[in-house]
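S.K.: Note that the protein sequences, when read in sequence, are chains S and W. FYI, in the working numbering the residues of the first sequence are 81 to 823. FYI, in the working numbering the residues of the second sequence are 12 to 248.
Honestly, the hints are just simulated from the structure, not real lab data. Small disclaimer: the values here were computed from a predicted structure and weren't measured. Hints should not be assumed to be uniformly reliable.
Stated by the list, open to error - No more than 20 Å apart at the CA atoms, straight line, and that leaves these computed lysine to aspartate or glutamate pairs for EDC-like:
1) S/Lys505 <-> W/Asp187
2) W/Lys131 <-> S/Glu104
3) W/Lys155 <-> S/Glu462
4) S/Lys534 <-> W/Glu33
5) S/Lys646 <-> W/Glu229
6) S/Lys646 <-> W/Glu228
7) S/Lys142 <-> S/Glu524
8) S/Lys534 <-> W/Glu195
9) S/Lys810 <-> W/Asp187
10) W/Lys53 <-> S/Glu339
11) S/Lys603 <-> S/Glu467
12) S/Lys414 <-> W/Glu54
13) S/Lys810 <-> W/Glu195
14) S/Lys234 <-> W/Glu162
15) S/Lys135 <-> S/Asp420
16) S/Lys810 <-> W/Glu44
17) S/Lys649 <-> W/Glu229
18) S/Lys648 <-> W/Glu195
19) W/Lys131 <-> S/Asp420
20) S/Lys538 <-> W/Glu229
21) S/Lys418 <-> W/Glu54
22) S/Lys505 <-> W/Glu228
23) S/Lys418 <-> W/Glu46
24) S/Lys418 <-> W/Asp56
25) S/Lys646 <-> S/Glu251
26) W/Lys53 <-> S/Asp420
27) W/Lys213 <-> W/Glu54
28) S/Lys649 <-> W/Glu228
29) S/Lys686 <-> S/Glu472
30) W/Lys53 <-> S/Glu104
31) W/Lys53 <-> S/Glu417
32) S/Lys538 <-> W/Asp56
33) S/Lys648 <-> W/Glu162
34) W/Lys131 <-> S/Glu811
35) S/Lys135 <-> S/Glu104
36) S/Lys534 <-> W/Glu44
Unchecked claim - If the Cβ cut is set under 7 Å, some of the chain W residues that face chain S in the computed set are:
37) Pro27
38) Asn88
39) Leu91
40) Phe93
Think of the CB as a built atom: it goes at the ideal place given N, C-alpha and C, for glycine as much as any other residue.
Each chain is listed here by its residues.
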Amino acid sequence: MSEVSEEIHVSLDTAKELGLLPEEFEKIISILGRTPNFTELSIYSVMWSEHCSYKNSIRWLKTLPREGKHLLAKAGEENAGLVDIGDGLACAFKIESHNHPSAIEPYQGAATGVGGINRDIFTMGARPVAQLNSLRFGNLNNERNKWLLRGVVKGIGDYGNAFGIPTVGGEIYFDDCYTVNPLVNAMSAGIVEAGKTASAISYGKGNPVFIVGSATGRDGIHGATFASGDLHADSHEDLPAVQVGDPFTEKLLLEASLEVIATGAVVGMQDMGAAGIICSTSEMSAKGKHGMVVHLDQVPTRQKGMLPWEILLSESQERMLVVAKKGRETEVQKIFEKWDLNCVLIGEVTETDRLHFYMHGELTADISAESLVLGGGAPVYEREYNEPKYLEKNKKFNQENIAIPGDRKDVAYFLLKNPSIASKKWITTQYDSMVGTVNMTTNEPSDAAVINIKDTDKSLVLTVDCNSRYVYASPEIGAAIAVAEAARNVVCAGGEPLAITNCLNFGNPYNPEVYWQFVNAIKGMGDACKKFDTPVTGGNVSFYNQSSDEGPVFPTPTIGMLGLLKSKKHFMTLYFKEAGDLIYLIGTSQNDISCSEYLYSYHNIKNSPPPYFNLEEEYAVQRAVTKAIQRRLIASAHDVSDGGLFICLAEAGMHRQFGFDINSDEEIRKDAFLFGEAQGRIVVTVKPEQEDTFIDSMLESEAEFVKLGEVTEGEMIVDGESFGDILEAKETYFNAIGNLMQD
Amino acid sequence: MFSNFAHMKFGVVIFPGSNCDEDIIYTLETIMEQEVVRLWHKEHDLKGSDFIVLPGGFSYGDYLRSGAIARFSPVMNEVLEFADKGGFVFGVCNGFQILCESGLLPGALMHNNNRQFICKNIFLKAEHNDSLLTSQCDTKSPLKVPIAHGEGKYFADEKTLQLLNENGQILFRYCDENGNVTDESNPNGSLQNIAGISNQKKNVFGMMPHPERAADEELFNTDGRMIFESIVSTVKV
């Protein structure tokens, strides 16, 4: 093969510079039966990168429960998970990280994260209906962190708002461990008629292959595996390592894609995210067990003189690969023309199992598709792992050494304005949360986002959750808690948990302590998913979230959960409805302040074991609440999480300005009672006239429950001691982040 | 003062980048039970519509200035002609921006005072009942309707503002939940809390808040439906 990239001599050093290991280079030579040329080596380097191949994680990901009665596509089989929601409909949903791009360029990094995850949904034929996100930043007293937060929020807003899909939920935490490496995880969910989905597959000899959407540029190439400059001509130096998003083109691409899928002229399609054309051509071909001939010079490019490997690896946004049925080319092209988008024939499907890439008639790469992909030739590694040393410090924690503060009102207000606990209104009002007219939680707040499925009696229930402080304290228990909390939120909204998607944000997998966190988090997550019958439908792994100076971020396995509200009459909200309603706690208070925000921030104790958690009890609590909702015995349900019971009660009071009058448990430390974060607890309110029926229903269940007190007109009272009026708490809670951002 | 249509046909213009088109179509078609046709921006035919709607969104991406490109769309020639002849045209959010850009409505919509996109429920109050949009609205009690825009601060020169006031062209002002028009209740810095206006002939209307987002009882707020009821009942009588 004679071609342009032969100018660059390929040796083991070249392979190393591209991020390949020596044994991987040997493996490539043995697969090809010869030394690869530079284009081919580039292809292997991105396809065998962690991002595309999951080589350091797949061994453990496979241990997660990945099957269930509602699943229409298995994890990893399609671009996103696909779950049967009845009425002939399915929900496609997935979460994905865009951490590193956002750390460098927060605005574009976050924006393109939103773009990428939505393409994963509509490439399956599903129309996105809701977006969520999970964000982590360092402390807001730091100017750079404020800059990152502003940029990320504006990036998510500008992209999502223009794209026109509501951003309905999410979570945001602030901790010093994320100062250098913030986390930006974006989730999207879409709806499609079952049986009308498109698949990321290619087959059928002679079928035409189109590239559609934006032109291909040099953006994003550096973002993959290229780090050193001597492989490149100097002209690349000015180009951004981060891709640039264009939500307008994405919106057109959405409409055109759904229109073209509906014609039935499409064999398969896949969006181009990481590793661009090479990833979509190889994954689709490997899945369909066919080959492809592609003429790279036909690809519309933004710059002149792009080399074959640049075209193959470009991560330019808003592009798709479409394999159509032969003879229906015009039909396909007309639709993209209507939407003023490129739709260019670049090749065709072959009966071989090989990918042949040509540039001006010359063969530049000849590779077996199977050899590139996960489940095929991509390497799979077992990494070593050791229990981290810091866990020893956690074990030494003894809460008897922590004095109970005398002024508990002071603690309460300290927590109300803690940015990780306080209202995220400053952020969320910058997102269009109402476009699409499906968001049921705008006017009736609930623990999870509830999305109306028009013309049915159903709604989607969506949440993202992960308290990474717990995962740091114990990866196994912390990850199980993340799943349990997500399920709890779905249940509190009246939904039934169906399935999860996960975004596994960890440090460097070659660090045995980091890998230990990963392995144990997977174990805990799997156990909890089995208990709640919520299989893992896919997601993404993001390693290397760390800086050289400050070490890895907290292990952060973010859980995105899909639930279903089977009847809208069972929609449940989180807020107090009327003074005099009775407040009950389902689950039990524990004498436990371990790992709470109170212990961590107020007492500044950074090492302690995870909070109390019992999977069986948690499950029983959730079942009991579901029953009570379905029997219409409760007026509100809000789970106890960050900040403990006091924050839970205050949040439930704020929406309609009600307070509470409760009594604590004499056997439990007062700070543990009010601010401890023991899991498996839900606060519900009950109408006095329904109390007897409610108690009967609870006695039938296996959950513990206790009456705490009642809803007041506005004053917050614990054991006769006033904590002030709810309006004061509300003002503190709602203005905390805005005030910090103005400073 | 309004035409008596036995049958009302709404034409909703779809620009590339419109994203509230389906929301307003759902409101008109399913909730208000009206006939609706979709008008593609490249077309020159209003398909016999009696009432044209320009929906919200980010027409052409709004990369230059909101609404600045959409006014050059082929279909806008017909919309301008239709409006000139007295036809009803209603722009919501980006639609309002397009109507200002195209000169069908006076004034301009500028960046919100806080320079951020703002999406939240606000309150607005109809100024009078003397228009197609407000005929059924209570001028005393406010309506809760969401806004969602980055450029929604209404601006016009003093003379224009005076004329708007004198001619009853101001349809809605931002207010608090008790109906008081105050600075605190002005979400974006609009002059005189202006949330919606009409042209002098009162056949072209624009508003920044989204009444179609407050029309479905399944979303627990139907305050915006009053505006659609006004439109439908007035023209049907």
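S.K.: Within a Cα-Cα threshold of 20 Å, do lysine 649 of chain S and glutamate 229 of chain W meet the stated pairing?
M.R.: Given pair lysine 649 of chain S, glutamate 229 of chain W holds - Cα atoms ~10 Å apart, limit 20 Å.
S.K.: Hint check: lysine 648 of chain S vs glutamate 195 of chain W, CA-CA at most 20 Å. Holds or violated?
M.R.: violated (36 Å)
S.K.: Do the alpha carbons of lysine 534 of chain S and glutamate 44 of chain W lie within 20 Å of each other, as the hint requires?
M.R.: holds (16 Å)
S.K.: Does aspartate 56 of chain W sit within 20 Å of lysine 418 of chain S, going by the straight-line distance between their CA atoms?
M.R.: holds (17 Å)
S.K.: Against the 20 Å threshold, does the CA-CA distance of lysine 646 of chain S and glutamate 228 of chain W hold or violate the hint?
M.R.: Holds, at about 18 Å.
S.K.: Is lysine 505 of chain S within 20 Å of glutamate 228 of chain W, Cα to Cα?
M.R.: violated (24 Å)
S.K.: Do the alpha carbons of lysine 131 of chain W and glutamate 811 of chain S lie within 20 Å of each other, as the hint requires?
M.R.: The hint holds at about 17 Å.
S.K.: Lysine 53 of chain W and glutamate 104 of chain S: Cα distance at most 20 Å?
M.R.: violated (54 Å)
S.K.: Verify the interface restraint on proline 27 of chain W: the C-beta must sit less than 7 Å from at least one C-beta of chain S.
M.R.: Hint holds; proline 27 of chain W Cβ to chain S Cβ min 6 Å, cut 7 Å.
S.K.: Is lysine 810 of chain S within 20 Å of aspartate 187 of chain W, Cα to Cα?
M.R.: Distance of about 18 Å is within 20 Å: holds.
S.K.: Regarding the pair lysine 131 of chain W and aspartate 420 of chain S, is the alpha-carbon distance no greater than 20 Å?
M.R.: violated (33 Å)
S.K.: Just to be careful, I want the Cα atoms of lysine 686 of chain S and glutamate 472 of chain S compared with a cutoff of 20 Å; is the pair within it?
M.R.: holds (13 Å)
Violated hints, in rising order: 2, 3, 7, 8, 15, 16, 18, 19, 22, 23, 25, 27, 30, 32, 33, 38, 39 and 40; the structure is consistent with all others.
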